[in-house]
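S.K.: Chain residues, written in single-letter form:
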Amino acid sequence: MGNDAVFRVDGLRKSFGHIEVLGGVSLDLHAGEVTVLMGANGAGKSTLVKIISGVYERGGGTMQLVGQDFAPQEFLPNTPAEAIRAGVVTVHQNINDGVVADLDVATNLTLDRLSGSGAPTLFNPGRVRREAKAVADRMGLAIDLKARISDLSLADRQMVAIARAMAHQPKVLILDEPTSSLSSAEADRLFALLDRLREHGVAILYISHRMSDIRRLADRVVSMRDGVISGVFDRKPLDYEGAVNAMLGRKIHLDRIVARNSAKPVLTVDGLRIAEGAKPIFLTLGDGEVVAITGLVGVGKTALAETLFGVRKPLSGTMVLNGKPYAPESTGEAIAAGVFLVAKDRADSGIVGDFNIQENISLPFHKRMSRLGVLKRRIERAAARRQIQELGIVCRSEKDEMSALSGGNQQKVMVARWMSQAARLFILDEPFQGVDISARRDIAAKLRASANGRATLLFVTELDEALETADRILVMSEQTIVGEHRNADIDLERLLAEVAGGPLHSAA
Amino acid sequence: QDKPAPFDKPGAVKIALVRYLSTGDFFQAYLSGVEAQAKALGVDLRVLDSRQDAALQADMVDQAIALGVQGIIIQHGLTESMKEAAQRAIDAGIKVVAFDVNVENPKIPQIEQSDRDLARLALEQAIKDNGESWKAGYVYVAGIAPLDRRNETWVDFKKKYAGINEAAMFGTLDNPIANSVANQARSVLSANPDIKVMFAPYDEFAKGVKIAVDEAGFNKDIKIYSADISTSDIAAMREPDSAWAATAATNPAVVGQVSVRALAQLLAGEDPGHNVIVPPTLITQKDLIDKDIKNMEDLSAKLPQFAHADVAMPAWMPNPNAK
Amino acid sequence: MSSGWVRMAAARDHAIRYGFIVLLFGLIGYFAIAADGFVSPQSAVFIFQSVAITGVLALGVTATLVVGGFDLSIGSVATSAMMAAAYVMVVLEQNAVVAVVACLLIGAAVGLINGWLIVYMRVPDLLATLGMMFLLVGLQRIPTEGRSIATGMTMPDGSVANGTFGAGFLALGRHRFDFFIPNLIPVSVVVLLVLAVLIWFFLEYTRFGRMMYAVGSNERAAELAGAPVKAYKIWAYVISGVFASIGGILLAARLGRGDIASGNNLLLDAVAAALIGYAVLGAAKPNAFGTAVGAVFVGVLLQGLTMMNAPYYTQDFIKGVVLVVALVFTFALSGRGKR
Amino acid sequence: MSSGWVRMAAARDHAIRYGFIVLLFGLIGYFAIAADGFVSPQSAVFIFQSVAITGVLALGVTATLVVGGFDLSIGSVATSAMMAAAYVMVVLEQNAVVAVVACLLIGAAVGLINGWLIVYMRVPDLLATLGMMFLLVGLQRIPTEGRSIATGMTMPDGSVANGTFGAGFLALGRHRFDFFIPNLIPVSVVVLLVLAVLIWFFLEYTRFGRMMYAVGSNERAAELAGAPVKAYKIWAYVISGVFASIGGILLAARLGRGDIASGNNLLLDAVAAALIGYAVLGAAKPNAFGTAVGAVFVGVLLQGLTMMNAPYYTQDFIKGVVLVVALVFTFALSGRGKR
Ligand SMILES: Nc1ncnc2c1ncn2[C@@H]1O[C@H](COP(=O)(O)OP(=O)(O)OP(=O)(O)O)[C@@H](O)[C@H]1O
Ligand SMILES: Nc1ncnc2c1ncn2[C@@H]1O[C@H](COP(=O)(O)OP(=O)(O)OP(=O)(O)O)[C@@H](O)[C@H]1O
Ligand SMILES: [Mg+2]
Ligand SMILES: [Mg+2]
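Read top to bottom, the protein sequences are chains A, B, C and D.
Going by the working numbering, the letters in the first sequence line up with residues 117 to 624, in that order.
Going by the working numbering, the letters in the second sequence line up with residues 64 to 386, in that order.
Going by the working numbering, the letters in the third sequence line up with residues 212 to 550, in that order.
Going by the working numbering, the letters in the fourth sequence line up with residues 212 to 550, in that order.
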């Protein structure tokens, strides 16, 4: 197999300041193969991708494009444009780097053509829309081409970015965690497309932390650890466990969850309606309990989370927290009442880019960390250090800029922020976005270990994540809760039917 | 010729010019006059420029005191901000003269270019050219001291000649001033096409009005009267069929020279008098054409009263214009 | 949703799209009644003429707004170009073509430097162009030591500058084209209209223009999609600089001399026009058509008020009030708006 | 990595952090040698005094920069406050306290309106404050029809205004505190220093200041962290307005009259100081300490050049060049920098 490599990376190095991130990475990509790259958060996957795609300058090593009809040629893109022109197309990890929010879908789908040098000078909206439609159709995208990107959900934005990359007829396609904000239906569409590209001989590098993706797609698995390749697995059947162990440098073992019961209710939700025409939601969360709510994208999980946190107002219904009526007017009131939310989409709604790790962690708790309005930095720093330790955030110090962290570690900082103080009701909306397997289990374990004294509510699209973490799993569909399961003896079939909004829903 | 002490030793005297306004031709010419006379006298001149910051200008007087100058010329500024600063200089034993700002101090000679006279000369010419009743446009921005003084004369004239009908008053100091005033004047002319006389007692205003009059094609129907003069004003007045009929002006360079001379007199123990007035000259389009005056040098050469004022001119005083 | 609600939303959409245009025509109607002689071809031409220079500057600054930048140096570029034109013709005794070329080169050079500072030296836009503004305000005065430039002027070294403004150059400020009525439309208005159409077409209907919007909205995404983001940004500043220098040429041609002025008011008026443009047709973003309408709007307002004898300070006041009200209207209703 | 490389990186870090301060001291050293009398307590006090008013304005605008906004109205707020103070004392014949309170209220009111426009009406910051600027420039001249306000002035209705500036009020501009040397430090310098320390402490060490930075960096994240984002933004504009009105009070006290021609350059000079502040200690973001240093830097530069008899236009030029060079230095090296 190794002889039909179309893209070859040899001894690639990269340092930021005096921290070495890539210590000589060598990797081959083969035509018509999906190579999955696995690695813990901060292993250097995105950095590698950014070098290949011309965003970062490499610190050493070589890259080569190899083809049947031409001699191997040095591949040294100075800009993303050069990489694209050479046929190496990338969908980056940060979705907002993939689309331009103020422009419409059609322009976004054809963005690279507009900036290509061969493109016609004139911008003909009709023609652009036709081209965009062709691009969208290939992906089976059903988005209004005139809609502005800023009005779309994250999943739709991601699909737009992927569709554009696909349309290039690339030689090498790189996808950096493309499914982290997609629903399984959309992910399935993506996989079907990747299958087609594979048949057409495209070399695909696929980065993901989701085992289900990896199992579905991989022809080869390459593990990466601390900036070097730590294992290549291409003998069928693929040794996934070995790959995970190689990427972590140790074995992980999965403790079965012992589902707990709780007697003391912390939050009672009574007849809450979060959307026009939706059925009311009834819900009780107990002390020490970890509850996961799952459901497809767009069923109202975020809406419910935001309602509980005071960002939105319910249309009707009441809530009782700690035996007292709870109707937060603002996020500030919610926090004061002990209700915390780890919001989804960290780049938009979590990370303060100008702040370092420490300042990001302390953000909601300034009041508790200050006297007469003056911040006590020693307390702030101590809290940050504790969280970095607890969650194993990979960084130099608590003073690091957020932009210097890998995606998964940024996500950990977001969780750390809200774990740094005791909550009564702890809500996490897609907290595992971009977090590697072992870190995910660590976080889940931390959540469970610290669960006493509060109720914990998790919103996840991935069922696996719910199964690994929760005592109880609720299913949402059409802006309301349609099913409830104890995580002990789950009827998976019934649960999946509820998720899909099947017969049970109509029976309800 | 022997100069009295302290001017007998070249370079022994240090004086400061403390300016409020500096941007523009008038101020540049004034400065060149100051420099020329200072050079002729052999004194060391420091220029402190507050760039229209009245508070800073007051501080600069103190700074000049700290620099150990013997004399200070205060050029423009606000009475309120300069009065005390000037007094502090006097208290420090420094001789002070003030140009175009009243510092209300009997010990400080006031150099003036007499704005009232400037306006009067121009308006008298307007009466002479156009009779006693006409429809006028007037360019004025309140709050600027010399313009306020020129305005007083205009108000007096309107009282005196009932036939003067002020159809429109406008003006702006948005820069470039001529361009902004041209826009306004165009509007005024569209609204009042029967205006006969434009009184624009500041040459930047007059330039703007002239542009508007030309653009509207009214240059043969309207006459412009103004104050102040510069090389480009001369060119504008000399254009064929120019509407700009006359201007009254003092030579800013001469005013600069007079300022230094008055200060020198004080330093030499002489008294230049409390009000040192540099008389204005009326300059008409006809003068410029008849005498073939093309620029400020020609003007000085051919209108001697413009080139030199025998003000503050004791016998020992060197004349910087003497070649 | 009830159809009443839909109708209301549609009405609101209309209010956003056409509110400003309606306001403009309302204003014209009001002045037509209140001020004699406001309605005439000459008056219309004059309104365009009075905003030609700021309008050209505003179109240039629109380009920098589109890429998410800002150019505070345009006023000083215009006055520098004016001084340069006068210097070239009067002191160096060159002809009109040389003067125009010199101005355009200055504009392009300043734009390049601004762009280089912002793109490669990563100096924030406001900062870089503010520094450039101070620098140019000083620089343009150094050759003549702060004197205005006019034929016959005395140079610092005592010599007399005898060059003259070429007739061709002055024609840029004074010639009028026939248009139904003889001698109706001045060159400056033609320049404004041509540049407005050009930049509008460029921004809306060429891929370069589209990419500039993309760069302004999300630089990183545009770069990752393969756009030469740095080049686009630099180009925007070059456009801005060149347009400002064209404004300076028109200014020199109108004044017939090189006048000492800071250009601050040109800057503010141009920025006002470009920002008012956000409100036109509910764009809520920089756009060339809006900028042109914004410039005309200010022109109409000032022309009308001046004709009604309103003193200059009430004009500023009303300009401010109208600006604020018009914009509240657009942005509050549209619910978008973010720079 | 080799230790040489580490040392180089450290050197670069130092260059970024201290480069600007070194430049400032270098400048002081140069002027100390080149210009007589530059080094003296009086000269130092004078430098502070010369930048006191712009410095106060710059500190205010820093607050709006911190929340990611901008305030173009500060210059006109200052001059409006000056006119208001004069009007209250001279025309309405009230005492100094009333005048000061009136000014502060005006500043706060303008800040509130600006904030309201930006936060609730969603008008972009530059636009809202530009409109406010025009509005105030006109408004402040309406009561006196464009005249300056001084004791004994004739009002539009022909009456004579006989009030005077209270002695207490004038003392704000003229009194000097003893400090080793008698009569050394003027009130305005004390005000500048006190306000600088206050706002610096507020922004760096209080939770409110910290949250303002968060709001400026990621509004939504700040909101989801429980911050009342709208209130913070409005407060920033109120701070800016109040500081500008304090600047106006100082100006009125220094001038002893309400002068319509004063205060033209306040906006640009204040913005320059605040933006230079980005470069101090390699902050690459708005910060109060940097702003204060920026103001002093401009003061030192202009004072030194004045003492070396540099004409006014070269001062502008050098100010621009130094600004650009200093900022290239900081931003190019630091590799951060984004507004
Ligand atoms: N701009 C930067 N400056 C300094 N360090 C950086 C920078 N970008 C990344 N790093 C560091 O490089 C390492 C690798 O980051 P990278 O983003 O490549 O990880 P990753 O493998 O993609 O992780 P994840 O799965 O979390 O996305 C991390 O330790 C990160 O802190
Ligand atoms: N800005 C918006 N404009 C219009 N509809 C919206 C908007 N935001 C959300 N919605 C709709 O509201 C509903 C609930 O959305 P919400 O984001 O809560 O879904 P979700 O289940 O949390 O999805 P996800 O899994 O992506 O978090 C969806 O139907 C969505 O399309
Ligand atoms: Mg990554
Ligand atoms: Mg959600």
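Hints were generated in silico from the structure; no laboratory data involved.
All figures in this text were calculated on a predicted structure; none of them were measured in a lab.
Among the hints, erroneous ones may be present.
What the hints assert, rightly or not - Lysine to any residue pairs mimicking SDA-like chemistry, simulated, CA-CA at most 25 Å apart:
#, chain 1, residue 1, chain 2, residue 2
1, A, 562, A, 537
2, D, 441, A, 470
3, D, 441, A, 301
S.K.: Please verify whether residue 441/D and residue 301/A have alpha carbons no more than 25 Å apart.
M.R.: The hint is violated at about 39 Å.
S.K.: Need the status of pair residue 441/D, residue 470/A: alpha-carbon distance at most 25 Å?
M.R.: Holds - the C-alpha atoms of residue 470/A and residue 441/D are around 19 Å apart, at most 25 Å.
S.K.: Run the distance test for residue 562/A versus residue 537/A: straight-line Cα separation, threshold 25 Å.
M.R.: Roughly 14 Å separates the two Cα atoms, so the pair holds.
The structure fails hint 3 only (numbered hints given earlier).
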